[in-house]
Amino acid sequence: VRSILVLGLVALSACSESIGDPGSTSDAGTTIDGGDDSDASLVRTVEVGTGTDDFVPIATDEQMTQILGPQGGGRYMGYHIWSAIKVTGFQPRMATVRFQILDEDRNELARQQRTLNLMPSMGAYVAYGVAPWLDDCCVVRNRPLIMHAEIVDSTGATGMDERTVLGGPICPDSDRVTDICP
Amino acid sequence: VNVRAESAFVALSLFACSGEPDGNVDRGPPEWQIVLEGTSGAVLRTHGSSANDVWIVGADGDGRGPLAYHYDGTKLEALNTGATGDLWWVQADLPGDSVKMVGEAGLIVTAQRSSKTFSARKAPTDATLFGVWGSSASDLWLVGGESSVNTGLVYRDDGTTATLQSAPPTTTSSATIFKVQGFGPDAVWMVGQRGRVLFWDGSAITDERAPTNLPLIAIHGVDEAQVYAVGGVADGVVLRREGSSWINETPEGMQQMNGVWALANGDVYTAGFNGHIWRKHGGVWAEFEAPPTFQDFHAIWVDPEGGIWAAGGRLASNPPKDGVLVYYGPKLPDGVRK
Chain A
1 VRSILVLGLV ALSACSESIG DPGSTSDAGT TIDGGDDSDA SLVRTVEVGT GTDDFVPIAT
61 DEQMTQILGP QGGGRYMGYH IWSAIKVTGF QPRMATVRFQ ILDEDRNELA RQQRTLNLMP
121 SMGAYVAYGV APWLDDCCVV RNRPLIMHAE IVDSTGATGM DERTVLGGPI CPDSDRVTDI
181 CP
Chain D
1001 VNVRAESAFV ALSLFACSGE PDGNVDRGPP EWQIVLEGTS GAVLRTHGSS ANDVWIVGAD
1061 GDGRGPLAYH YDGTKLEALN TGATGDLWWV QADLPGDSVK MVGEAGLIVT AQRSSKTFSA
1121 RKAPTDATLF GVWGSSASDL WLVGGESSVN TGLVYRDDGT TATLQSAPPT TTSSATIFKV
1181 QGFGPDAVWM VGQRGRVLFW DGSAITDERA PTNLPLIAIH GVDEAQVYAV GGVADGVVLR
1241 REGSSWINET PEGMQQMNGV WALANGDVYT AGFNGHIWRK HGGVWAEFEA PPTFQDFHAI
1301 WVDPEGGIWA AGGRLASNPP KDGVLVYYGP KLPDGVRK
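Quick mapping for you: the protein sequence lines, in order, are chains A and D.
Quick note on the numbering used here: the first sequence kicks off at 1 and runs consecutively.
Quick note on the numbering used here: the second sequence kicks off at 1001 and runs consecutively.
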């Protein structure tokens, strides 16, 4: 069973790193570090994505959408960009995942961290529907952003991935058409 | 382990002082129990006049009306308010028979406690009303926000008509007002976006300076000398009012908190993101025994018998969904406890 799983994981991994190469960084921005009970037969991968009800991959330079949440606040803290993570080779229970949205100079524009049980999804494990609140939605419009995700599992194994994307063109009002920004 | 043992002890003490709500039935030691889970709309607030008069409201997850339940100490009853849209808050300890609820698009629902009948009306706004508090059913404060123009909204409501308080600072920009709590008709606090704290002294609303620029999402206290406000973004913030100023006493590592409840014995509970609950006990903040959920909490209420009710769900979804309601206390009746 494990062989089949590993084969599936290898096939799925878009940016995988062997755990025998701890701390390495791929061109896609993925970094992996082995945990206390590293299993060399596993391939650990991390992929940052988006999605509210499932993991949705994102492409480099893809334009994202700022979502007006129900929490109020409008321009300030009222918007988020749905964030998600897909991993293989990590312990799914009680994993801590951390999402950040950064500007080109790596200044933090939004952040959220959660400890949760990752959900199985086609040979990988995923978490989705995480909503880092943007401090000021208007500053991210049409701006290059870095979507960053990292994981620490219950064994201490870590990994991260990030993508450069583009902020959505507007901070939409509840009608989803009108930009609220001055 | 020490925190857990201490929590259990204090909770047991509270229940020992409160008598036996089920008569002579031993309901066992306090423990976390799931009351609601996976409801289409998030559970946004639980409040009551007693441990046997508990009102539960939440989001309209499927467009068929907001989540609404009543617990009478023996059974959990689903309620049909006849309204549509999310209900964000309920005040159920008003004098008399009225229970007040507010929510999406200016929705105001009045329930009659005795008959479980409902009437709905609308404040003159399409903005969400996030909070309600009143000293009586004819002296209510309603607060909320208009996202499109980044303003907070404050209404006074006499039970029939909601009137916008248009004098500054209530309409100052960039400040959704999330919650309101008072200690009589002449002492009312409101908190909101970007550290906004407003105070009504019976003649005017003033803008109190809070030592944070983070959103303040909830406020509660037992009297004017013991008021707490909590909030944050990702990381939490806890403010305590001391004298005429606010003190930041946020403990290290606290996550964003969305609900707070203070007790007369000095204990304070706050609940927030990712299923985290913290308690101030003996003057020290520490994380409380972990509840059985990773969902975000929006509100916490400690009933008069010491039972802790924490309500939440996936709060960033629109409408908020996947509701959860957990209870910490002696075993709830079968059929109420999942």
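By construction, these hints were calculated from the structure, which means they are not laboratory data.
Computed from a predicted model, the values in this text were never measured in an experiment.
C-beta atoms are modelled at their ideal positions from N, C-alpha and C, and glycine is treated no differently.
Each hint should be verified, as a subset may be incorrect.
What the hints assert, rightly or not - Label pairs and their calculated CB-CB ranges:
id: 1; chain 1: D; residue 1: G1028; chain 2: A; residue 2: D179; range: 26 to 34 Å
id: 2; chain 1: D; residue 1: A1078; chain 2: A; residue 2: S121; range: 50 to 58 Å
id: 3; chain 1: A; residue 1: M122; chain 2: D; residue 2: R1337; range: 45 to 53 Å
id: 4; chain 1: A; residue 1: T60; chain 2: D; residue 2: L1164; range: 30 to 38 Å
id: 5; chain 1: D; residue 1: S1245; chain 2: A; residue 2: P169; range: 37 to 45 Å
id: 6; chain 1: A; residue 1: D136; chain 2: D; residue 2: T1161; range: 48 to 56 Å
id: 7; chain 1: D; residue 1: T1074; chain 2: A; residue 2: P169; range: 48 to 56 Å
id: 8; chain 1: D; residue 1: D1126; chain 2: A; residue 2: R106; range: 51 to 59 Å
id: 9; chain 1: D; residue 1: N1265; chain 2: A; residue 2: R106; range: 41 to 49 Å
id: 10; chain 1: A; residue 1: P57; chain 2: D; residue 2: N1265; range: 37 to 45 Å
id: 11; chain 1: A; residue 1: T65; chain 2: D; residue 2: E1077; range: 35 to 43 Å
id: 12; chain 1: A; residue 1: D136; chain 2: D; residue 2: D1026; range: 38 to 46 Å
id: 13; chain 1: A; residue 1: S121; chain 2: D; residue 2: G1063; range: 52 to 60 Å
To be verified - Among the chain A residues that face chain D by a calculated CB cut under 7 Å, a handful are:
id: 14; residue: P57
id: 15; residue: I58
id: 16; residue: G72
id: 17; residue: G73
id: 18; residue: H80
id: 19; residue: R111
id: 20; residue: Q112
id: 21; residue: M119
id: 22; residue: P120
id: 23; residue: Y128
id: 24; residue: A131
id: 25; residue: R141
Hint check:
The beta-carbon spacing between D:G1028 and A:D179, approximately 56 Å, falls outside the hinted interval of 26 to 34 Å. The hinted window of 50 to 58 Å between D:A1078 and A:S121 is violated, with their beta carbons roughly 33 Å apart. Restraint check, A:M122 to D:R1337: a C-beta distance of roughly 35 Å breaks the suggested window 45 to 53 Å. The hint said 30 to 38 Å for the Cβ distance between A:T60 and D:L1164, and at roughly 48 Å that hint is violated.
Between D:S1245 and A:P169 the Cβ separation comes to about 43 Å, which falls inside the hinted range of 37 to 45 Å. Roughly 36 Å separates the CB atoms of A:D136 and D:T1161, a value that falls outside the hinted 48 to 56 Å. Under the hint 48 to 56 Å, the C-beta atoms of D:T1074 and A:P169, about 55 Å apart, fit the expected range. Taking 51 to 59 Å as the suggested C-beta distance range, the pair D:D1126 and A:R106 does not conform, at roughly 39 Å.
At about 47 Å, the beta-carbon gap between D:N1265 and A:R106 stays in the expected band of 41 to 49 Å. Restraint check, A:P57 to D:N1265: a C-beta distance of roughly 52 Å breaks the suggested window 37 to 45 Å. The beta-carbon spacing between A:T65 and D:E1077, approximately 40 Å, falls within the hinted interval of 35 to 43 Å. As the Cβ distance of A:D136 to D:D1026 is approximately 55 Å, the hint placing it in 38 to 46 Å is violated.
For the pair A:S121 and D:G1063, the beta carbons lie near 28 Å from each other, so the given range of 52 to 60 Å is not met. Given hint, A:P57 at the interface with chain D, is violated; its Cβ is 21 Å from that chain's nearest Cβ, farther than 7 Å. The restraint placing A:I58 at the interface with chain D is violated, with a minimum CB-CB distance near 18 Å, outside the 7 Å limit. Hint on A:G72 holds. Least Cβ distance to chain D is approximately 4 Å, under the 7 Å limit.
At a threshold of 7 Å, the smallest CB-CB gap from A:G73 to chain D is about 5 Å, leaving the interface hint in force. Taking 7 Å as the C-beta contact cut-off toward chain D, the hint placing A:H80 at the interface holds, the least distance being around 6 Å. The beta carbon of A:R111 comes within 5 Å of a beta carbon in chain D, closer than 7 Å, and the hint placing it at the interface holds. Because the smallest distance between the Cβ of A:Q112 and any Cβ of chain D comes to about 5 Å, under 7 Å, the interface hint for this residue holds.
At its closest, the beta carbon of A:M119 sits 11 Å from a beta carbon of chain D; the interface hint therefore is violated under the 7 Å criterion. Interface hint at A:P120: violated, since its Cβ lies 16 Å from the closest Cβ of chain D, which is beyond the 7 Å cut-off. Taking 7 Å as the C-beta contact cut-off toward chain D, the hint placing A:Y128 at the interface is violated, the least distance being around 11 Å. Satisfaction of the interface hint for A:A131 is found here, the shortest Cβ-Cβ separation to chain D being roughly 3 Å, below the 7 Å cut-off.
Hint status for A:R141 relative to chain D: violated, with the closest Cβ pair at about 16 Å, above 7 Å.
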